Structures are given as C-alpha cells and as structure tokens.
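Could you put the whole structure together from the sequences, leaning on the hints where they help?
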Amino acid sequence: MEVKILSAKFDIEDAHKIEVAKQHGAYSTLDKVFSMQPEEVIEEVKKSGLRGRGGAGFPAGVKWGFLPKDTGKPVYLAVNSDESEPATFKDRYILVKDPHMMIEGIIICSYAIRSHETFIYIRGEYTSQVKALQAAVDEAYEAGYLGDKVDGHDFKLDVTVHRGAGAYVCGEETALLESVEGKKGQPRSKPPFPAVEGLYGCPTIINNVQSIASLPFILEKGADAYKAYGTEKSSGTHLFGISGHVEKPGMYELPLGVPLLEVIDKVAGGVWKGRKMKGVIPGGSSTPVLLPEEAKTVTLDYESMAEHKTMFGSGGIVVFDETVDIVELVKNLIDFYHHESCGQCTPCREGLGWMKKITAKILAGDGTLDDVNLLRELCDNIEMKTVCVLSAACTMPVRSYLDKFRHEFEAYVTTEGSSAEAK
Amino acid sequence: MSDRSQLISTGEPFQFDSERDAEFERLVKRYPTRESMILPSLWLIQEQEGWVSQEAMAYVADRIGTFATKIYEAATFYTMYHLHPMGENHICVCRTLSCWLRGKQDIVDYLKDEIGIKPGQISEDGKFSLEEVECLGHCGTAPVVQVNGEFHEEMDVDKLKSLLATLK
Amino acid sequence: MAEKIKLFVNGVEVEVESGKNLIDAIGAVGIEIPHLCYHPALGADGNCRMCLVGLEEGGPPLVPACKTPAREGMKVLLDAEHIKKIQRDVLELGLINHPTDCPVCDQAGECSLQDYYMTYDLQESRMTVPQVAKNKKMDFGCGVVHDQERCIVCGRCVRFCRQITKTGELGIINRTDDTRVNIFPGRPLNNRYATNVVDLCPVGAMTSSDFRFKQRVWFLKKAPGICHGCAKGCNITIDHNREKDEDDIIYRFRPRLNEQVNGYFMCDEGRLSYSQENEGRLTEARLSKQARDLEDVIVAALTEIERAGKIVCILSPNCTLEQMVSVKALADKLGASLSGYSDGYVNAGDGDDYLIQDDKSANRAGLTILDIDCSKTTLENALSEADLLINFNNDLSRSFEDSALTQLLRETKVIAVSTHDTPMISSATVTIPVTSYSEYAGSVVNCDNILQNFGKAITKNSALEDIAAIAARLGSPLQTVSDRFTALQEIISALKDLEPDKIPVEGLNLNSEAANVTA
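Residue numbers (my numbering), protein chains in the order written: chain S, 24 to 446; chain V, 55 to 222; chain U, 1155 to 1673.
Check each hint, because a few of them may be wrong.
List of simulated lysine-lysine pairs, PhoX-like, C-alpha gap at most 20 Å [what the hints assert, rightly or not]:
{"no.": "1", "chain 1": "V", "residue 1": "LYS83", "chain 2": "S", "residue 2": "LYS172"}
{"no.": "2", "chain 1": "U", "residue 1": "LYS1320", "chain 2": "S", "residue 2": "LYS206"}
{"no.": "3", "chain 1": "S", "residue 1": "LYS244", "chain 2": "S", "residue 2": "LYS69"}
{"no.": "4", "chain 1": "S", "residue 1": "LYS27", "chain 2": "S", "residue 2": "LYS45"}
{"no.": "5", "chain 1": "U", "residue 1": "LYS1158", "chain 2": "U", "residue 2": "LYS1174"}
{"no.": "6", "chain 1": "S", "residue 1": "LYS45", "chain 2": "S", "residue 2": "LYS96"}
{"no.": "7", "chain 1": "S", "residue 1": "LYS206", "chain 2": "V", "residue 2": "LYS83"}
{"no.": "8", "chain 1": "S", "residue 1": "LYS69", "chain 2": "S", "residue 2": "LYS40"}
{"no.": "9", "chain 1": "S", "residue 1": "LYS179", "chain 2": "V", "residue 2": "LYS83"}
{"no.": "10", "chain 1": "U", "residue 1": "LYS1221", "chain 2": "S", "residue 2": "LYS213"}
{"no.": "11", "chain 1": "S", "residue 1": "LYS96", "chain 2": "V", "residue 2": "LYS83"}
{"no.": "12", "chain 1": "U", "residue 1": "LYS1290", "chain 2": "U", "residue 2": "LYS1320"}
{"no.": "13", "chain 1": "S", "residue 1": "LYS27", "chain 2": "S", "residue 2": "LYS213"}
{"no.": "14", "chain 1": "S", "residue 1": "LYS206", "chain 2": "S", "residue 2": "LYS299"}
{"no.": "15", "chain 1": "S", "residue 1": "LYS40", "chain 2": "S", "residue 2": "LYS206"}
{"no.": "16", "chain 1": "U", "residue 1": "LYS1229", "chain 2": "U", "residue 2": "LYS1158"}
{"no.": "17", "chain 1": "S", "residue 1": "LYS213", "chain 2": "U", "residue 2": "LYS1174"}
{"no.": "18", "chain 1": "U", "residue 1": "LYS1614", "chain 2": "U", "residue 2": "LYS1376"}
{"no.": "19", "chain 1": "V", "residue 1": "LYS222", "chain 2": "V", "residue 2": "LYS166"}
If you are wondering where the hints come from, they were derived from the structure by calculation, not from laboratory data.
Only a predicted model underlies this, so the values are computations on that prediction, with no experimental measurement involved.
What follows is the structure in structure tokens.
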C-alpha cells in the first residue's frame, strides 16, 4: 500500500546533504522549469490537482492564480512549517530527511509566482530541525541554488528561515504572517486575503511544506504521473502520520483514497495489545471523531471524509482503544486549544476557557446534566463567530465526542458513578 | 497558559555579546522591517542568557527602535520564551493527545517522584526544571520528552531512568 | 457630500453614505449595530465580535459590520432570530469573566457592556465555574487607573497610544483568557493625551484618578462647550452637577467630536482645566479690598472713569468676540487706548503637531479680527501716561514680572474686571467679578481661524454678569446681545447673513472669508 514519492529519499543515508541529494536527483527539474513560462508551471500544478497539504486542502495552483498582476509590489512566498496540530508530524520528515526537495519546490513555486523572497516559518519546538533546515538552506546558497542567480539562471531568490516560539495558531496563515512581521500570532480578518495583501502588505502565497515538496515530482514527471496516484478529486500521495493505540505508529506515504481501516490494520499493525478500537480521529485532533462502524466505509481522501461529516485535515490519524475515557480525552483536547487561543476575539478567548473549566468540573464529579448540555451548546455558540477557525478546531471535535459518546459524559454527572467505573 | 506578565528584573543593563550582536546585524538585513527582528532577537537573548529579563526586552525594543510593549507582547504570547531562569536541564514532556494516549502521565509522575518537582517548577539545586508542553510534533514516536531542546522519543520509565543518569 | 447608496436593513430600504463601514453608514440613519472594539478614530479591529450581522445573498452569511463596507443593494440582517442569538451569545461570553461590579464601578451608566446587556441579553448568568483572576487598581501613569478584570480586551486604548499619540505605552500581553492590557514595567503612560483612553474604554477598565468616585454619571448634566486651555478650542462636554444646597460644580471635561477642530480627542491639560472654573473664583465686588454691593461698585467705577484723564483698557485673549467688540466700543467712546497685549499667554515651544498650541488663550485670533493692538510698547507707553487702567480679565502677571508691573502701574488706578481672585487684583481700586467661559455664551476664533459659538453651561449661585454686560454698564454703546452681534456682523462678513444660533456646530471656517474681515 505504501508508495515512495515524497519519501523516496527518506531511507537513503545522508540524503539531507546536498551532495547525496543531488546524486539522487535533487534540483534536476530546474533546467526544465526555467525553460517554461511561469504560467505554464502554474498550469501544470493546477492540472496535477495538488491540494494544499496544510489541512484545508485548497488546490495549490488555483491559490497561486489569485495573485494580482503587476501591483508593483514584491510577491512573497511563505512556507508553512509550523505543523502543530496534535497528531501531525509529517513535515518534520521532509525538513530533516529531504530538505533539498522542499528547497527545490520553493524555487519552482517562486519562479511560478514571480517571487524573489521566501520565508520558511518553522515552529520553535523543532529545535534540531531548525538547525538541519538552516544547514540545508546554507548548502543551497553555497551550491548556487539560492541567491542572485538560481542555478545559473537569471532569477534571484532569497530564503530566510524564521523560527516560531511556541504558538499553534501561527499555523493559521495570516497569524504566520503576523509572526514573521514580529507581532503576536493573531490571525487577520479576511478579506483581504494574503494573495492580495499579505506579508508587509504585499501579495503573498502561503503553502505547506508538503505541498511545496510535492512540486519537483509534479514538474519532473508531469501532472499525469502525479494524478496516477490517488482519486479523481484527491490526487497524489500524502504523508500520513498514524499515532495513538496502534502497534506500528509512524509516518507512512500512501496514495489518497485508500481505506482507513485497512491502513490501520495493514500499515500500522492494527490496534495495539489486541484491544478493540473505540474511535479514530482521521486528520488531526481538530477533525470530528469516527466510530469504528462509521470508519468502515471511509477512504483517505477529501471527499470521503466530507461524506462522513469529518475532514481530511492534516492526515494525522489517531486511533484510541476501548480503555480510553472520552471525557478525559476531551479535556486533553480542550486544554490544548484553550492554551493555544491567541486571545484576540471574544468567543474563542473567553469561550474555550469556559469549556475547559466546565469539562474539568464534570471530570471532578461536580458536574450536572446542565453542564453537559451547556458544553454542547457552547460548541454551537462559539463556532464560526471568530476571526479564524481555531475555535472551530476545538468545537468541531468536541461536539462529535459529545454527540457520539454522550453516555460517557452523563455517567460522570449521575449519582451512579463515573464512566471510569462503567468501562 | 498562565499569566506571564510578571517580568524579572536583573538590575543590570543587558546587551548582546559580540557573537549575538553580529548575528543580529546579519539577520536584520534579511527582513524588510526592523520589527521582524522581535522574535529572532528574543531567541538570541534566550540563547545567550537562558531566559529573557525585563532589561533584555527593553534593550531589544530600543535596539530595534520599537515600543517596549511590542517586545513584551511577543515575549508573553510565545510560550517558548522563558521569562525566568530555568534549571540546568530543562525537561519538557509533551502532554497532548498522542503522547497522552501512550502514557505521558507515567513519565510526568516518575519525574515528579524522582526529581521532586511538579510541572512548572525548578528543583532546589537548580539542576532541573520540568514543564508539560503542548504537542511537540513527534506523535508517531510518542511519548516524547525534550531535554535542553533534544528530542527523546518512545519514552518509558526505564529509558527515562538511563536518560536522567546521564544528566545528574 | 458623499455619494448616497441604497441598501436594505431587515428588509427596509435605507439611504446611506457610501464609503463607510456598516456600523457608521447605518448608524448615521439611526440604526444601531452594537460594537465594542470599533471606534471611528481608531479603525476596525474586529475582535469583539459584537457587530456580526447577517448578509443575505452572496458572500459569507455572517460578517463583522466594522470590517464591511456599505455597498449598493446589500441586504443586511440585524433583527433575525439567529443574529439576535449571536449578539446574546457573544455578550454572554464577554461577560463570563467580567466582575459585574457595576455598583462600585465608575463606568456604570455610561458602560457599553452594561447598556448592551440591557438591550441585547438580559439573561441569568450561567457561569458556575471560577472566573479568571487578574490585577486591579493598576497605576498606569498620567492619572489613568486600570482594572484588568473589567477589561474586555477590545484594544482601543492600545491602538490609541500606537496610532494617535505614537507613544505605544500600552500593550496586550499573554494569550488565551489570560490576555490583558499592561504597561511595560518602568515605562508608564507618558503622553499629554493619555486620559483619552478613559473615554475610549467602553467599560470601566480605564478610569481617571481625577474623576473616580466623585459622581455617579447619571447625576451629571451634560452641556457642550469649548475648551479655553489653548488656541485650538477643542470641543468639550462639560459634565456638571448642582448637589442639594451646593453650587453648580464642574466634575469633568470630556472631548466632543468636531472633525474640523479636534476630532474625538483633547489633551489632558485642557481636560483638567475644568478645575479652574470651580476654584479660586472671584465672587464679590470690592472697593479697595472691601466687599461691596455690585451696584455701589459700578457707581464707583463710573466715578473713577469720569475723573480719569487718560484711560487704558486692556482685555484678555480669552474674551469672546462679543466681549471684545463691546470693550472696544467702550474704549472708543471713552477715548481710551485699547490693548490686547498678552504675550504671557503664549508658552513658546510647548505646542505639538497635534492639538496642543503654544498659545494658551482661546481667542487671540479675535484680537486680530477686531484690530486690537497687542504690542507691549504701545501698552507701556499708554500706561505711562494713563491714570486709569480698566483691566478686563487680562492676567498681566503672566506677561510682566511683579516688580515691572508695580512700576508700570505706580501712577495708575485699576478697575479690575475679573473671573478669578488673583494676587494681582488686590491692588485694584475697584474690583468687579464676572462670569467665566463655562457660564456665558459667545464666540471664539481658534488658531486655524475657525469661529466657534458656544452656549452657557453653568449657572453659579452668585449671579454674575459677563464682561460684555459689565462693559455695557460702564458705558459701552453696545448695550444688548444683539447690538454686539450686529457689530460683529459688520466686521466679519461670514456672519452677515447668520443668526447667532445658526452658526454651524462644527464652526465657521473664516479662512475663505479672511480677506473680507474689516475692522
């Protein structure tokens, strides 16, 4: 089931070093790319059906097309390497194992969108990865792939690594821009969208690491080769992270459209310790949970996820077994999203803290049915009333647990005892 | 998140050492605005001193040419900036979903017993500080512990014991 | 005039100005969209989420009105059940960590959160878990006291200090519900407009140490006025109250919007200058330091005038045009020389490029318009020959050293017509108390040549008259208010076809008419 497109060089020793990477084809698409018109590059990417791999799944080529023409302002590229959504750890492999694939992708994208300045925003927690990435960028400069004449072509490109410092919300693209500008990572109201008014008020494209890293393959082998993987609407491959209660957690590259449960069983070795699955989170902690019976018909693509009222998200799959206390799990999630609320707008700032305290109250055995109902109501009251979707990243999954595992919450607030005893 | 507004004053003026000074000057050229240097400067301070004092923030504000409140905002917003001195060995245990599912609590409990500090505290001898942090992006190799910035994956109590032995 | 467009609010067609956001455009025709963080002087931020409105047809169904420009044909929903629910929900979330200490909060009565709760919410609190604890009674400097728990983090104060004063003393620190406004340690508020953050704060998080706990705001009467602290003439609201058996007292000045003059703001010195209207006032008429009936004193003054050989009249640059023209007519009639010398009212270098002016008087331009001589030499020469000075409230101690003044007036008797009981008037032969600017109506012309008219705001217990009336009593031919206005119309062509009460509230810009001013 596994494929090796993005991960082709992951198992090669020292593939993060430019000499080794070049022996295995790194930077080999550049001559072809520079012989094309930028519009042709965009067209090829559009044709490939590549969708943004950060979580939203917006077609990358289409996004590039939103850039206004001839504004007289510089165009910036920001590479989003802030992956912080719980259960997401795919981009890290690219940064560490094959950073030159991403840098090559940056060159391709920059050429296509006529940008000469890239900022790679990497989450602050990635300490050793920051160093690895910076080393790769330095190598690329030395080898002439970055700088005044990229690979000898008449194209200037500078790449700066900008390190975050502990804020999940900076993965939201406008919060990321604020952070590069030296501010708190507080998302901007849209419109204007970054393609029109982004970094330093200039047109800006923000793409996820994996999206960017997919470009060398698409340009080298062609859109059709990429579309040979995946489904009609969800083309290509994805680096899936599988974690939680499975025998073989880890990062696996798979074509889109493969059945979720088969992946869990065959690729990740099934539920650990011979236990039963209680639920599965399909695309990072912000995606609504699926019950095992719901998961039966799910395939790993954007459309199937939507049909099952959840989301493809970042491809971070989490399996949890029958021993898990759902109320505790929900508390763990709300704690995270509360901790990461940027504090800018009222519903999220105040609401997530309220949800956290209500859940703690329920867990402590001090809750009532009213509290369970209030928690559920707050999901509706907060969601989509905010500047960005961080609050929805909390309320969407919490609502799904409340709806699908309501009995576990009720068990905490009835005199009979907690769900801990029930299980 | 807890309140981070209480800054610590060293009573001493701060300045970058020559290495950081040069790094500041190198980096500032990479950005169209000087304010973009706020995050990199706070990192430089933390590299140099291990934490960020009130004086260091004021220094950076004046060096960049911006309001001290903007530095204060960034330093209190981004939770990786230490606003007080940490232990010689700063241990971060990931508390979020996948690490929680794979037993992060055993790690925290063991550290509590072994070092005698709770998350958010520093040991009396100053050797250790412990922090529970949100997702560190190593969910596939959970639970994960980060000591002085270095990742230790697939942690369990036995591995932790040998790790601590190398630190003491 | 801005272009008009038509749009629909709750299905009803309204005509609004284009180029404005929905809050301002629809607000201008009397339909309120609740909002806390938006302020027209500070722009839209979009953080409070109170102004979410529905849009029918096209685009996102829910938008922040502050960030949404009014467009032709738009269908805005405000009274739909789902929008009302959102307003209730957002308010509930804004209130869960709010202390609701309205009974002891200075803002009560003029608090947006309180008002909106009454209008849009009115539900029982469902908050059964502990609130976030923050700091209270923080001294932010410049007389601004902050309560972090009452704060709703709308950021108006922060934006004011960054965008308007460009001093940036305030920031919003932390994140989550621990977010709070603070100063950087050791760098408190340090600008001359700081107290505006108290007005800007929609709740009781920013209070003024000067006003705190002095009055409940619902007892205060509000009257429009013009600040006389400098030549800018900032428009103000005079908040005053007469408590039982007490005098009418001013408790605060607040800036009042005038786009042509001061916008939404005023400086702190001007704001605090209200106290001079309350304190140190001269309320009794005197003859050689002895309190006397005003009528007796007027008779004595007339006698002095009759006896005098050469008379000098001087007036204050704070006098209104009406007072000036009246005094001028008096001087003409008496054959007296008239001076407006008042260099001491100018504090060179004190002004800034925003509102504060070097000139600390309200109507120096009036002296010019009425062609009143302001030179020091002329005044000194005149005084050296004069045996009587009639001083209409010009504080000469601001322009002369004490010894120089004594020397200058050693042969001269003084009739002091004064608002305040200053050391300078103690040497006067005749002392006549008059009303100050909050107690009379009149017009002043500011540093930008904008003529502003203001009404009487305060009625003191001691029934005093204003300078123009006293001048009339002393013989000015301009006996009535309308005499004086007619005289001004002769000089200022812009006033020609205007009734006094038809002077526009935003003032009359005389720049285009300047050439037509004939003295």
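Against the structure, the hints come out as follows:
At roughly 19 Å between alpha-carbon atoms, LYS83 (chain V) and LYS172 (chain S) fall within 20 Å of each other, so this suggested pair holds. Pair hint LYS1320 (chain U) plus LYS206 (chain S) holds up; C-alpha atoms about 17 Å apart against a cutoff of 20 Å. For a cut-off of 20 Å, the pair hint linking LYS244 (chain S) to LYS69 (chain S) stands: about 14 Å separates their Cα positions. Proposed proximity of LYS27 (chain S) and LYS45 (chain S) is supported: the alpha carbons are some 17 Å apart, at most 20 Å.
Taken as a hint, the LYS1158 (chain U) and LYS1174 (chain U) pair is honoured in the structure, with Cα atoms around 11 Å apart against an allowance of 20 Å. For the hint linking LYS45 (chain S) to LYS96 (chain S), the alpha-carbon distance of about 34 Å lies beyond 20 Å, and the restraint is violated. Of the supplied pair hints, the one linking LYS206 (chain S) and LYS83 (chain V) holds, its CA atoms being roughly 18 Å apart against a limit of 20 Å. Distance hint between LYS69 (chain S) and LYS40 (chain S) is unfulfilled; the C-alpha atoms sit about 31 Å from each other, more than 20 Å.
Annotation: proposed proximity of LYS179 (chain S) to LYS83 (chain V) holds, straight-line Cα distance about 16 Å (limit 20 Å). Taking the CA atoms of LYS1221 (chain U) and LYS213 (chain S), the gap is about 9 Å. The hint holds against a cut of 20 Å. A C-alpha spacing of about 19 Å is found between LYS96 (chain S) and LYS83 (chain V), which places the hinted pair at or below 20 Å, so the restraint holds. Taking the CA atoms of LYS1290 (chain U) and LYS1320 (chain U), the gap is near 26 Å; set against the 20 Å cutoff, the hint is violated.
With a C-alpha separation of about 37 Å, the suggested pairing of LYS27 (chain S) with LYS213 (chain S) is violated against the 20 Å cut-off. Restraint check for LYS206 (chain S) and LYS299 (chain S): not satisfied, since their Cα atoms lie roughly 46 Å apart, outside the 20 Å limit. A distance of roughly 34 Å separates the Cα atoms of LYS40 (chain S) and LYS206 (chain S); the hinted pair therefore is violated under the 20 Å criterion. Of the pairs offered as hints, the one joining LYS1229 (chain U) and LYS1158 (chain U) holds, with about 16 Å between alpha carbons and a cut-off of 20 Å not exceeded.
With a CA separation close to 18 Å, the supplied pair LYS213 (chain S) and LYS1174 (chain U) stays within the 20 Å bound. Note on LYS1614 (chain U) and LYS1376 (chain U): the hinted pairing holds, with a Cα-Cα distance of about 15 Å set against a maximum of 20 Å. In summary, the hint linking LYS222 (chain V) to LYS166 (chain V) is supported, as the alpha carbons are separated by about 15 Å, within the 20 Å threshold.
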